[in-house]
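Peer 1: In case you want the letters, here they are:
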Amino acid sequence: MTATLNARPARAEAGSGAPAAATGPARRGRRPQRALGSTIGVNGILVLGAAYMVLPILWLVFAATKDTKDLYGTGAFSFGDFSLWSNIVDVVTEGDGIFLRWMANSVMYAGVGAIIGGLISVMAGYAFDKFEFRGKGALFGAVLVGVLIPNTATVLPLYLLGAAVGLTNTVWAVIIPVLCNPFSVYLARVFSAGYVPDETLEAARVDGASPLRTFFSVGLPMLAPGFVTIALFQFVGIWNNFMLPLVMLQNRDLFPVSVGMSLWQGYAVPQPEFTPMVITGSFLSIIPLVVAFILLQRFWRAGLSAGSIK
Amino acid sequence: MTIRHSDRPPTAAAAARRRIPGTGGRTAAIFLVPFFSLFVVAMIAPVVYAIGLSLFAQKRSGLGFGGAETVFVGLENYLNVLSSETFVGGFGRLFLYCLMYIPIMLGLALVFALLLDAIVTKAKRAFQLFLFLPHAVPGVIAALIWAYLYTPGISPIVSTLAAGGIQIDFLSVHMVLPSIVNIAVWEWTGYNVIILFTALQAVPRDILEAARVDGASELRSALSIKTPLILPALSVTLLFTVIGTLQMFTEPQILSKATTAVTSTWVPNMWAYDAAFNRNNLPQAAAASIILALLAGLLSWAVTRLSSKGRTR
Chain A
1 MTATLNARPA
11 RAEAGSGAPA
21 AATGPARRGR
31 RPQRALGSTI
41 GVNGILVLGA
51 AYMVLPILWL
61 VFAATKDTKD
71 LYGTGAFSFG
81 DFSLWSNIVD
91 VVTEGDGIFL
101 RWMANSVMYA
111 GVGAIIGGLI
121 SVMAGYAFDK
131 FEFRGKGALF
141 GAVLVGVLIP
151 NTATVLPLYL
161 LGAAVGLTNT
171 VWAVIIPVLC
181 NPFSVYLARV
191 FSAGYVPDET
201 LEAARVDGAS
211 PLRTFFSVGL
221 PMLAPGFVTI
231 ALFQFVGIWN
241 NFMLPLVMLQ
251 NRDLFPVSVG
261 MSLWQGYAVP
271 QPEFTPMVIT
281 GSFLSIIPLV
291 VAFILLQRFW
301 RAGLSAGSIK
Chain B
1 MTIRHSDRPP
11 TAAAAARRRI
21 PGTGGRTAAI
31 FLVPFFSLFV
41 VAMIAPVVYA
51 IGLSLFAQKR
61 SGLGFGGAET
71 VFVGLENYLN
81 VLSSETFVGG
91 FGRLFLYCLM
101 YIPIMLGLAL
111 VFALLLDAIV
121 TKAKRAFQLF
131 LFLPHAVPGV
141 IAALIWAYLY
151 TPGISPIVST
161 LAAGGIQIDF
171 LSVHMVLPSI
181 VNIAVWEWTG
191 YNVIILFTAL
201 QAVPRDILEA
211 ARVDGASELR
221 SALSIKTPLI
231 LPALSVTLLF
241 TVIGTLQMFT
251 EPQILSKATT
261 AVTSTWVPNM
271 WAYDAAFNRN
281 NLPQAAAASI
291 ILALLAGLLS
301 WAVTRLSSKG
311 RTR
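Listed in order, the protein sequences are those of chains A and B.
Residues in the first sequence are numbered consecutively from 1, following this note's numbering.
Residues in the second sequence are numbered consecutively from 1, following this note's numbering.
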């Protein structure tokens, strides 16, 4: 609002320091009605957009409470016999509790990938930001090329190489590739430039701390919000990954929940009684992610803005 | 891509840093070795191996005994892949898909971002969260949800339309591509809304204030001031959308179990998967993957060039 100082004096009343929302209606008599109309219009379109985004998820919630008969027989947003609990029991007891095993696998792959992969990326991004060395431009160029190559384009080559060295169908086949995330390195460099002032590191160095020690006791704590953002994005990316585990794993005990659900979906074609299990399993598998997104809003906002603007 | 760092002029701090011991190459190596070892193992080595593999093929020896042997065939696999009708057809579908998906998704994202930024909008944070929520749903689950929402008998959409006298088979040969576009729009619009909205927040408020004082309506300043100012963010979202489109695999793979309209070689990625696991032709699968990676690189390069040109104009 300080800009009003430069505005022509005759119109300066338009921004006399009041909050922007309150300045509009004062100018002309017709203004309040038009503002009311556009308020309804603008918010109305947003409500429609929000409904489009939320209703399919809501449908899943309602569908998870129904047995096969009610799925076909009752309205989409009404309850039938409320079979949620028996559906959940069916899901977790099927195949000696294989669903829980898939969930645990997903948590393990995504957790390890997020924390260790995140740390590796933060270290690299920090080095690109804080250190000067020969070949820095070329190495960072390689990182950027890595950002631009689609993940799925390297999945089959990874499988072919993995098969040649006998690593397919092991946990390593799905963990090692996801530890390497060039986009996280790019984000980490942006965060490091923003969060860690060079002077602090210089002070730590004068105090006699080694570069590694400085990183872990000074740099990393300052980068903590950036680390959480990067780890969150990696967690979600790995949890959502489908093609890599589908290609790499044959042993269903190693499946993450995404591949498991697609396996059950295949069963449901000849056996319709699997349909409520696919729906309830899908519902259970998105709960951790939706909760994480709602609780960690601050961090995904930070990641999306750092990734695009800077 | 707007990469701020590579072209940033060296600041005084950076110049001073260069003289400080312990910030040079040897120290940097400790921090960079973990990432770049993984980079070599997980990105470079597989691609190099796949290129190598794609230059060979299994051939029967001339007299028919001794089984198959591996012989060097040069670019023959690439020619075979590129002349395969199903592979090229997959690209045709991807192209049609892009024509529908990119304008709809980015257009919606821009509209929602501008609306969120409008002064009269209430409950901005809640709307952002609702719009973003589908992105928290994994692609597999999103495809499963919509597959059911397209299935007659279960779907409330199909039954509502039928009650209104409209019969649409979302999973028919002609409708399945728009149906997949809808799934992708649902998954990605909110994500891009947040990126564009964050960019809008960075638009200097005094410019907008000046426009308002000069009598520009909010709609006018949204279209002629805000939108041009966030073109860099728009081009980043366009770049990542184009890269993402080439990756298409999950949604059609899931829908292929719900409808026969989606074949096992429906898009290039599925073609490559099918080559590796159903046709057992690993060299062709390798060649197809390399073609996809090259094309992605080429497209990214083109989009980056175009958008940086647009900005300097």
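Source of the hints: derived by calculation from the structure; they are not laboratory data.
Do not rely on the hints blindly, as some may be mistaken.
One-sided excerpt, in silico: chain B residues whose CB lies under 8 Å from chain A [unchecked claim]:
1. 127
2. 136
3. 149
FRET-style restraints, in silico, Cβ to Cβ [stated by the list, open to error]:
4. A:93 <-> B:305: 54 to 60 Å
5. A:171 <-> B:167: 28 to 34 Å
6. B:295 <-> A:171: 29 to 35 Å
7. B:216 <-> A:107: 49 to 55 Å
Glycine included, C-beta positions come from ideal geometry on N, C-alpha and C.
Peer 1: Confirm or reject each hint.
Peer 2: Status of the hints after comparison with the structure:
A least Cβ separation of about 5 Å between residue 127 (chain B) and chain A falls short of the 8 Å threshold, and the interface hint therefore holds. The interface hint given for residue 136 (chain B) is met, as the beta carbon of that residue sits about 4 Å from the closest beta carbon of chain A, less than 8 Å. For residue 149 (chain B), the interface hint holds, the least distance from its beta-carbon to any beta-carbon of chain A being 6 Å, beneath 8 Å. Taken as a hint, the range 54 to 60 Å holds for the pair residue 93 (chain A) and residue 305 (chain B), whose Cβ atoms sit roughly 56 Å apart.
Separated by about 48 Å at the C-beta atoms, residue 171 (chain A) and residue 167 (chain B) break the suggested range of 28 to 34 Å. Hint check: residue 295 (chain B) to residue 171 (chain A), Cβ distance near 32 Å, so the stated range 29 to 35 Å holds. With their beta carbons about 52 Å apart, residue 216 (chain B) and residue 107 (chain A) fall inside the hinted range of 49 to 55 Å.
Of the hints listed earlier, the one the structure fails to meet is number 5.
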